[in-house]
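Residue numbers (our numbering), protein chains in the order written: chain X, 4 to 317; chain L, 1105 to 1338.
In short, the hints are calculated from the structure, not lab data. If a hint is listed, it holds; no wrong ones were tucked in.
Restraint ranges, calculated between C-beta atoms of paired labels, are given here:
no.	chain 1	residue 1	chain 2	residue 2	range
1	X	Arg309	L	Thr1193	40 to 48 angstroms
2	L	Arg1308	X	Pro90	39 to 47 angstroms
3	X	Ser74	L	Asn1180	25 to 33 angstroms
4	L	Ile1131	X	Arg309	57 to 65 angstroms
5	X	Pro90	L	Lys1281	41 to 49 angstroms
6	L	Lys1338	X	Gly165	25 to 33 angstroms
7	L	Ile1131	X	Pro132	21 to 29 angstroms
BS3-like mimics (lysine-lysine), calculated; alpha carbons at most 27 angstroms apart, straight line:
no.	chain 1	residue 1	chain 2	residue 2
8	X	Lys277	X	Lys242
9	X	Lys29	X	Lys185
10	L	Lys1338	X	Lys64
11	L	Lys1338	X	Lys8
12	L	Lys1106	X	Lys112
13	X	Lys29	X	Lys8
14	X	Lys185	X	Lys138
15	X	Lys138	X	Lys114
16	X	Lys288	X	Lys277
17	X	Lys222	X	Lys185
18	X	Lys222	X	Lys29
19	X	Lys114	L	Lys1106
Predicted, not measured: the structure shown is a model, and the values here were computed from it. C-beta atoms are modelled at their ideal positions from N, C-alpha and C, and glycine is treated no differently.
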Amino acid sequence: MIEVKDLTKYYGNLCALDRINFQIHKGEVLGLLGPNGAGKTTCMRILTCYLNPTSGNITVKGMNVTDRSRSIKQIMGYLPENAPLYPEMLVFDYLDYVADARGLSRETKLKRVEYLSRICAIREVMHQPIGELSKGYKQRVGLAQAMMGDPEILVLDEPTSGLDPNQIVEIREIIREIGREKTVILSTHILSEAEATCDRAVIIHQGRIVADGNITELKESAGRDTRIILTLANTEPGKARSVLEKVPGVMGIETEPCPGDPAIHFSLAVQPGKDIRVPVYRAIKSQDWDLLEFHRQSKSLEHIFRELTKENVQ
Amino acid sequence: MKQILNIVRKELASYFVSPIAYIVIAIFLVVTGWFFFSTFFLYNQASMRGFFSLLPIILSFVVPAVTMKLFSEEFNRGSYEMLMTLPVTQVEVILGKFVAALGFIVVMLIPTVVYALTISGMGDLDPGPVLGGYLGAVLLGGLFAAVGLFASSLTRNQIIAFIIALAICFFLSLIDKMLFFLPKGILSIMSYLGADFHFSNIARGVLDSRDLLYFISMTFIALYGTHLVVQERK
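The shape of chain X in the complex, shown without the other chains:
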């Protein structure tokens, strides 16, 4: 449905996007992940026809963003980061204005405003100036605005940033709900959010794509790489290290003393594909140590993300 091809964007000499390629299929919820300044917003701005690419292009249903912008804008709803709205306008007036700009007829307009005010739970603030709303309400008004034209594609730039945990859950539910029928593209740097809402994730770092795939796939591909986390007391780091090293399958040990606590944390790197919990436990049991904590940690999306975006990519 959406095809991003060799997309490059320079701001002066600064390269924001460097030959990015990916596709988005109909009905997919795609998460655009990456640290701040990675190029997520730039990518979305080009997709929504707000910016022109320096080179390369995006086609939406076969239409090019640079020359068919009006048709594309017609089928797309966009919520920029922090929902920049007009503070002096009333919520109802604003939605009415957006509905007119989207060319809705009088009857559909009222029905649509009614429907969206229910879905986004903004009914009780319809006659308040936007400037007086709390952040969560503003975000939801922005979401209602984005969905006004019943768009096929919904683009949301950090839809949950700055919201409290309850509001985050609410917004995620709304996004999930919309994602059943529509194509949704959302950007975030919160990984649990991508896990909770997206089918697929594209990770961008320094203007390049470093990973692209199904979230479960991404996790599985890294899942074999596990660690065992231990907390031991009544021992010394050097001694414990020499014992644990001898357990077959342990690739490396990191220790970390806890401040104000005689216990020591150990993190064992495990040989891929091996389950060494039993030998590790036996090794500990054979000593006179106190075992306070023992668990296996698979790599979460956080780890993948951190590894992919830690160093500079070539």
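Chain X is already provided as a structure; the job is to place chain L on it using the hints.
Chain L only, in chain X's frame:
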């Protein structure tokens, strides 16, 4: 066309929901009323020439205050991003904002019709110069609004937008009073550039195509400049 009207409606509404519109209009009326009527009776003539000769200078102050927010505020809040991702084109946005500002100026001028009515009660007021004066005022307001829009598109700071627009409008209003400073060679060009010169022609009740062409072309240039500046942001 529908999109332009929609933007005009929104911009006009946002002018009149805030107190700034009423303050600007009140100041405009107080200042023009005071300067005009304080010398009106000394001339002992039933004409509005005094009022119209004040207009270029006063509009140079007032119009930039009206137009300064049009783009700057949107850039500053980021709402411009939201606006441009609605199915509207950039030209529609510029024209919509321009027409809204011009509409505001017309609304501001309407109460001064009372001056004409009052004067016509006191003496024999010649309608030609008055009608010409109002036509000229609308053209002049349009030119200044376009200049103000251009200044507003340059910056996200409303005060800077105001000062740039004020400087350009001031230049256009005063240039033909400063001509004696200039060398002979560029004299005719500079006097042609002056908005005051063309405005006073129209305000005398003489409709010359050169004066109309001046206002229309200068307004177009300012709007086109706005278009180029805004385009550059992409």
